[in-house]
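Asker: Construct the complete structure from the given sequences, taking the supplied hints into account.
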Amino acid sequence: MSTKIDLEQEGVEVRKSVCYFCHQNCGCLVYVKDGKIIHFEGDLDYPTNSGGLCCRGNVNLIHLDHEARVNFPLKRKGERGAGEWERITWEQAIDEIGAKLEEIREKHGAEAVATAGGTSRTDDWARRRFMNLYGSPNGFHNSHLCWIPTFMIETAIYGWSPFEIDLGLSKCIVLWGQNPAISTLPEQAGISALKKNGLKVIVIDPRFTETAAKADLWIPVKPGTDLALALAWINTIIYEGLADYEFVYEHCVGFDELTEHIEQYTPEWAEPITGVSADLIREGARMYATSKPGNIQWGVAIDQIGKPAGAAMHARAILRAITGNLDCPGADLLTGPSQEFITDEEMELNDMLPEEQRKKQLGSDKYKLVTWPGYGRIAEITKKYWGKAPTAEWMCEAHPPSVYNAILTGDPYPVKALLVSATNPINSYGESKKVLAALEAVDFLVTCDYWLTPTAMLSDYVLPMAGSFERPTITSTYGCSDFLMCSQRAIQPMYERKTDFEFWRDLGIRLGQKEYWPWETLEDAYFDRIKDLGYGVENYDEFVEYFRFHFPEREYYKYKERGGFATPSGKVEIYSSVLEELGYPPLPSYIPPAENPIDHPELAKEYPLVLTTGAGIMPFHHSEHFNIKELRFLRHEPHMEINPETAEEYGIKDGDWVWIETKRGRIKQKAHVTEGIAPGVVFTERGWWYPERDLRAPELGGCLESNTNVLTSTADEHCDPISGTWANRGLLCKVYKADGSDGKEAN
Amino acid sequence: MPRYAMVIDTRKCTGCQSCTVACRVHNKLPVDMIYNPVTTHGPVGKFPHVRMTHIPSLCMHCDVSPCVDACPTGASQQREDGIVWVEAEKCVGCKACVMACPYGARVSNHEEGTVQKCNFCKDDRVDQGKLPWCVQTCHQKARVFGDIEDENSEVFKLVNGSKNVGRLLEELGTEPFVYYLY
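Protein sequences, first through last, are from chains Z and F.
The opening position of the first sequence corresponds to residue 1 in the numbering used here, with each subsequent residue numbered one higher.
The opening position of the second sequence corresponds to residue 1 in the numbering used here, with each subsequent residue numbered one higher.
Simulated from the structure, these hints should not be mistaken for laboratory data.
There is no bait here: all hints are sound.
Label-pair ranges, simulated between beta-carbon atoms:
hint, chain 1, residue 1, chain 2, residue 2, range
1, F, Thr40, Z, Leu44, 20 to 30 Å
2, F, Gly74, Z, Pro698, 57 to 67 Å
3, F, Tyr182, Z, Asp45, 29 to 39 Å
4, F, Pro102, Z, Leu44, 30 to 40 Å
5, F, Thr40, Z, Leu7, 28 to 38 Å
Built from N, CA and C at the ideal position, the CB exists for glycine as well.
Answerer: As structure tokens, then:
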């Protein structure tokens with residue numbers, strides 16, 4: 001069947017756009033005629049994807065005008081969750097939401113309004129700007145689970161986070177809890193190309209992932225024990241004399257304290273904890289320390305292990321420091337923020353949030369690193385050194401579980417409204433049953449989304465959002481990179497969709513913030529950010545048309561020219577004065593996983609298996625795309641992974657539906673019996689709900705039935721005391737066959 | 001005259017199935033039809049000593065194509081450049097070709113009542129000087145397409161410059177023009 005389209009016909013314009021389904025933002029060329037998209041393909045000239053598109057990228061046009069998209073503002077008519085909606089105008093929606101927010105601020109204070117966000121596919125500097133002007137410190141994302149605590153610990157230790165890796169010159173890359181072969185495909189292509197030049201690849205993952213299958217070394221660490229592995233690596237490197245002593249003695253503080261502190265953490269000590277032999281631990285440490293320069297690429301795994309997470313991030317940062325793999329050619333680079341364009345943080349108006357409101361940020365009394373106490377201190381240091389601070393939206397947020405608790409208990413104060421943008425908290429945040437209860441309990445719920453998600457179904461208002469190809473995009477790694485990749489919108493939003501920027505702007509203007517929202521369009525705002533780069537362009541679209549990217553010249557050894565690192569001492573602080581100042585251990589000590597058989601023998605009797613959750617699976621992204629049949633055919637149903645030995649012990653066969661249960665609840669997934677996971681370890685897929693089912697309450701698209709977050713824990717005693725990140729991995733569970741009489745719903 | 005061929009590098013393929021989706025979406029196939037499935041073998045072995053391979057497949061565009069021979073209506077044809085294709089107007093859906101193809105590369109379109117298959121995206125891609133969708137979409141560049149008669153082409157170089165190159169069911173004598181690197 002020919003699907004030939006005449007792209008040469010008169011009136012066809014080619015727009016330089018990007019896919020917007022994950023923050024890789026792969027380049028696309030979109031062919032537009034009379035305001036309609038007639039064709040698109042991956043942009044062969046785009047530096048990251050070179051024309052490639054993953055499963056999701058291919059369904060852009062199906063997503064764009066899918067029958068289930070929300071296209072008009074909706075106001076709830078019947079009971080919450082009844083699915084009865086009235087179509088209203090944007091003017092009415094903004095006016096009524098604005099009036100409600102005014103009323104809440106008057107009665108309960110601005111802090112009684114919280115906002116929840118999703119992954120970086122929104123212009124959340126606009127959300128932060130709105131919240132700062134409105135006066136609430138209680139914006140949050142799932143950021144704790146994804147890079148943000150890592151960024152802040154690393155910035156505390158060496159002044160920025162090295163997310164930019166100089167892979168072309170590298171000899172070794174450690175993929176620690178990252179599976180680029182499935183989750184960041186352009187990165188995997190780069191790694192695979194460089195393997196020919198001798199790049200060694202170490203994969204640390206409980207699962208034999210698609211990436212592990214192509215690695216030089218696979219280290220199948222037991223879920224949640226990454227800290228023990230990192231400490232044993234440090235021990236090996238120091239006690240085998242593999243450290244970079246010149247770098248350590250010239251540029252670090254605390255190496256002697258570390259040497260003494262780390263003596264106890266031998267590979268033999270780590271072996272029973274991690275399930276990795278002492279020999280393999282040493283082999284990995286030696287490979288990383290001697291194949292120089294080398295990189296440790298960031299992956300979400302350590303962000304998601306809960307209690308030991310902060311210490312594990314610290315230990316991982318120390319590995320870079322003691323091997324001298326920082327800011328030198330081929331290693332992990334400390335670019336700092338852009339000195340040339342206006343960063344996200346500079347768009348946020350953080351100074352507008354009064355000190356007394358900052359103090360009210362939920363969770364900031366307990367978890368200080370990524371809330372105002374830690375962020376404020378780190379921002380002060382980086383401003384002194386770099387002249388700029390990390391993005392506050394992401395790096396300085398209310399602690400999500402504390403917000404849901406405040407909604408449910410009124411403690412420490414009531415939260416009355418939740419504005420949800422680009423996320424489906426029931427499936428994405430920890431302890432789903434609690435999140436669901438909070439969404440049902442909150443007085444006022446507004447959701448901005450593409451779809452009627454289970455969360456949207458419970459909302460008072462649902463606003464239609466512009467997506468891929470309907471919005472311009474600046475890709476800048478959560479606003480923290482020194483480079484920019486810019487893209488055009490291909491078409492104006494279809495139907496009555498708007499960008500999230502317009503939502504926050506309109507709401508801000510309704511609440512008297514007009515003077516702070518000078519830009520009529522997102523392109524105007526973007527242009528303001530880049531106009532001083534010196535490209536001589538008149539507007540944003542023109543910049544994309546002719547330049548598209550701004551990559552500053554790569555500088556190495558910035559600490560030499562700048563007189564040190566962006567830390568209080570100007571050195572790499574292995575012994576961290578910032579953590580110490582915030583009341584945390586200045587050196588990382590071993591902390592066991594949130595739940596484990598040694599500390600919790602009684603619990604382990606009932607729940608004898610170790611659980612890991614949260615890994616990405618193609619073709620879905622977080623809780624998205626389950627409703628797109630051109631993707632769902634690849635995976636109709638959720639699958640958990642279990643080793644044949646363990647499966648046999650519990651009478652489970654490949655393809656059986658099984659219950660996976662933790663102390664928080666149970667979910668149903670299908671067993672995939674595989675040698676790619678250790679005996680005694682269980683993996684569950686994330687995100688699952690069933691858009692094809694009844695979306696109305698109480699069914700809500702089966703949002704609890706197979707939802708891995710029913711199993712995760714957000715209890716204070718399971719959260720990382722430094723950052724507050726909760727436990728998705730390293731939990732205890734049991735598994736048993738589901739029989740026909742089992743109910744659908746999780747209980 | 002070119003002779004089109006594809007080289008699939010299984011060392012690069014990660015089994016992401018983007019090629020399968022790209023093919024389905026751009027060729028507007030019904031949900032129960034796939035031209036180019038990716039099969040995952042493994043993990044085989046015993047934990048932690050395991051390995052895993054992904055095998056993408058598609059029509060092999062054989063030189064000695066049993067499907068063309070089996071077709072009673074002349075719908076199944078081969079172009080001079082080697083592309084095997086089905087002329088929908090002539091196809092009566094008898095499935096003789098489905099039976100004849102040893103690679104399982106032909107599928108019935110129940111909506112149209114015809115048999116369809118991969119034709120290297122000849123109309124909207126190859127004849128326009130563009131790459132087949134499954135090739136362009138592959139981030140890992142695990143699928144390489146080109147004219148194997150051209151000594152400067154990547155496919156020629158890969159096939160002739162590698163020891164680890166093979167074809168599926170070569171013993172049947174179908175002379176497939178899809179090569180696998182392993």
